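Visitor: Below, each chain spelled out in residue letters.
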Amino acid sequence: MPLLPAGLFYALFFGVPMLSLLVISLWRAQGFNLIPDFTFANYQKIIVSDLYRGVLLRTVSVGLIAAAIVVPVAFTLAYIMRFVFERRGQLILQLVMLSLFSGYLVRIYAWRTILGKQGLLNSALQWLGLIEEPLEFLIYSQVSVVITLVGLLLPLAVLPLYSAMLNVPRDHLEAARDLGASPFHLLRTVLIPMVMPGVRTAFAFAFLLAAGDYVTPTLVGGTQSVMIGNIIADQFRGTGTNWPLGAAMAFIVVGVTLLLYLAITQLIRWVTKW
Amino acid sequence: MVRGSRLWSWLFVALVLFYLYAPILVIVVFSFTTSPRLSLPIEGLTLDWYGRAFADPLIPMALKNSAILATISAVGGGIAGAAFAFGLVMLRNGRLRASLLSISMLPAIVPLLVIGIALAVFFSTIALPQGLIGAAIGHVLVSLPFVILTMNARLESFDFSILEAARDLGATRFQAFRDITLPLIRPSVVGAALLAAALSLDEFVVTWFNIGSQQTVPTLVWGLMRRGIDPSINAIATLLLALLVCLVVASNLLNRRKS
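So the protein sequences, as listed, match chains R and V.
Every letter in the first sequence is one number past the one before it in the working numbering, and letter 263, counting from 1, is 263.
Every letter in the second sequence is one number past the one before it in the working numbering, and letter 39, counting from 1, is 39.
Just so you know, the hints here were simulated from the structure itself, not pulled from any lab data.
Only a predicted model underlies this, so the values are computations on that prediction, with no experimental measurement involved.
For every residue, glycine included, the Cβ atom is placed at its ideal position computed from N, Cα and C.
Treat the hints loosely; a few may be bogus.
[As the list claims (entries may be wrong)] Simulated DEER-style distance windows between Cβ atoms:
hint, chain 1, residue 1, chain 2, residue 2, range
1, V, R178, R, G222, 52 to 60 Å
2, R, G180, V, A14, 41 to 49 Å
3, R, P193, V, F54, 53 to 61 Å
4, R, N167, V, T71, 54 to 62 Å
5, R, A41, V, Y19, 19 to 27 Å
6, V, R97, R, M196, 17 to 25 Å
7, R, R87, V, S213, 30 to 38 Å
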């Protein structure tokens, strides 16, 4: 019974809209009219096009780079909070989580003012005499997109890793260490397998949300760092809209990122368990 | 390994916190500086940007809409999410419970952009015009996973034997809920509702695709950002930040008191 209100809400406003988006991705657009159909032409168009493939590839690689930075940093942070600071770790966790709720748009915008050509970082470096000309690669590039995404997603990745480590008894690590396990061996054979569900969730958050983020590439990315989200949004807002094409892109992104996510978590499990 | 690395640990934590808080600090500091350009050194301090921010004719509408949406998310998302989490912990079938929990997390994993366009397409097919109703549905949807997750963590430590004791002593199901369960979980529910309000106040992507010509504080900030560098953004952002911090800290305190 208590499951009903939220369950119905999910079915009606998440299940049905996602399904109708899937249906529309099989339709055709003619001018502003949608023509019901059952065609994979939209998917084909995206996969065949060099432009779209390139953007998709860039989206996936930005997602992977962001996740490759976020997960190890979050893992180290969670480890320190759990095993070095113990009780005080909770306070650090609160601080990390608080940053998550401090304005999504605002934090992205702030990175633009930090990394901009005449931004804080460049003017500080120039003032210190370390550089003569402003570093241009810092803004409107993939570098700025990754820097911003890492800041946005780090808190989300810390949470599942920290709660997974709370379930690891300290004795386990000490026993393994007393038996002569090297730190690397300990990490690979004891700690990582024990917190695997947390690693998976952290990776999912970091990778899927980085690849799917739309505001970051719009605000701090340049023309060379357009991500698939920008192109999808263009199909639904502004001129030259094409809903079926945009819907197909949305499902390709979700599909590709989910498949990659499953492949990578399987790979990690393989590597840590031989 | 642990003892010798305390200093390194502090250093690492300090670096990460600096990375996370540097952007926030920049916004707050530059909302008070006289120079409209964001660069060093700082020339002087002023409150003008706050005055300018409130002079924006769209601000009253944005504030009103944000408040409406946050209230709907807090009440709707808070109650439905808390009930769902409660229903989950009462399920005896562990596998069903785990899979329902995973499914309820989906709106947090699917890109917000995809949720936003899926809702926009759905609303247009049922001929619901863009506006506050669609945005409110979107806000409840994106806040539900977080409400369910926090409530679920709280309820796992809930002692269900006291409910059985009450029933054994002759309380009806409703009485047991009203007199025992509700007083015990109320702080957590309020905490989860405040979290939903914070998420709603900060929500941009889903709102942007569904609200039409209306404005919320984030869509207003977005409009200002697209137009170029305007220091009143920093002022609005600082106020929003203060509000969000209050909500999240209150939510944490309420959740803590129960445990």
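Visitor: Compare the structure with each hint and give your call.
Guide: Results for each hint:
1. V/R178 / R/G222: 52 to 60 Å: At roughly 59 Å between Cβ atoms, R/G222 and V/R178 fall inside 52 to 60 Å, so the hint holds.
2. R/G180 / V/A14: 41 to 49 Å: violated, 33 Å
3. R/P193 / V/F54: 53 to 61 Å: holds, 55 Å
4. R/N167 / V/T71: 54 to 62 Å: violated, 37 Å
5. R/A41 / V/Y19: 19 to 27 Å: violated, 45 Å
6. V/R97 / R/M196: 17 to 25 Å: This hint holds: roughly 20 Å between Cβ atoms.
7. R/R87 / V/S213: 30 to 38 Å: Violated - the Cβ-Cβ distance for R/R87 and V/S213, about 51 Å, lies outside 30 to 38 Å.
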